[in-house]
Amino acid sequence: MRTVKRAKLLRLHFGESDQYNGKPLYEVIVNRCKELKIAGATVFRGLEGYGETAEIHRHHLVRKDQPIVVTIVDTAENLGRLIPEVEEMMDTGMIATSDVDYMRIEKPPTAGT
Amino acid sequence: MLQKGTAKKVTIYVNEDTQHHFVSLCDSILTFLLHKGVSGATATRAMAGFGAHHVMHTTKIEVLTEHLPIRIEFIESAEKVDELMPTLYDMVNDGVIEIQDTNVVKVANKERPTPPKGPHTEMRGTARLMRIYMGESDKWQGEPLYEALVKRLRLMDIAGATVYRGILGYGVKGHKHQSGRLGFSGDLPVMISVVDSEDKLAKALNEIESMMQDGIIVLSDVDVIRLVHSRPAPESSHANS
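Respectively, the protein sequence lines represent chains A and B.
Heads up, the first sequence is in this note's numbering, so the first residue is 19 and it goes up one at a time.
Heads up, the second sequence is in this note's numbering, so the first residue is 548 and it goes up one at a time.
If you are wondering where the hints come from, they were derived from the structure by calculation, not from laboratory data.
Don't take each hint at face value.
[Said to hold, decoys possible] The calculated DSS-like cross-link candidates involving lysine-lysine, where the alpha carbons are at most 27 Å apart (straight line), are:
1. B/556 <-> B/657
2. A/125 <-> B/551
3. B/551 <-> B/750
4. A/26 <-> A/52
5. B/747 <-> A/26
6. A/125 <-> B/686
7. A/23 <-> B/750
8. B/686 <-> A/52
9. A/26 <-> B/750
10. A/125 <-> B/698
11. A/125 <-> B/750
12. A/23 <-> B/747
Being a predicted model, the structure only gives us computed values, none of them experimental.
With the hints as extra help, turn the sequences into a complete structure.
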């Protein structure tokens, strides 16, 4: 009954202030994932961090520049289509992939809910 | 010290006025249990009852208030009960001793002094990392699913779990989780990350799956480096010998 599949987990690390064509980069990436029919994408905002530019990303009074992590789980082929596009959009940041086992839970809504 | 898991529950029924070496039997049993380091024992006086002598004792009628039954209960590990039983058997000269298998679900002790913190030690090893994705508005029996899952994981003695709230995302349901115009939204993506050994997570997986309606669970192998405070060796059963 339970189907555990092998998949790839993709993590994109960049800053909240990063933009692409005037829109927040994380929004553009999530929208692009939807267009490419990627199974799912989630954006998390970190509290504080630093990256290759050695600039501390943290919450400023006027400027939002906290670290952002986008996690995406899908097959290696689908991610293969996404990664080159994301690479093109990202200015500075990090892309990491790892092998994972994943299971999708999708139950029919029970009566009464 | 009493541990979680299987244990024995001992119930002793005696009379209030039964004597053992000229003191109340109930008192001397409790003193004995305390002296032996039993984690806890409770004596309860009955409202009414009768025993092998077939005489009704009740608080309702003055004449019958003597010899009221007393029930002494304690829970201990099987080995400890085994160690105590010969003496208890000898002490209870009028009454009943009963032993049941029981399952200790929680042992909490607020006043237990925290052991002094030692220097940090490092523990390395491999483990599994589980990420559970769901929506913030998902419910389980009326409470937020992420809260219910964390409570369940804690009950199962899983090493640790952390809940993250995303700021944007989409998933199985296809709809977008996004915060509303004022920054308030009840349905942002939520992810719980859990790290523990493979077999413990496999057990937890069944529970988690039955509680979730939709979402995904992602498992990966990780290397764990844990910093723990080294503690003095835990008190073992020979502490009172």
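(Q) Of the numbered hints stated earlier in the document, which are not met by this structure? (A) Failing hint: just 2.
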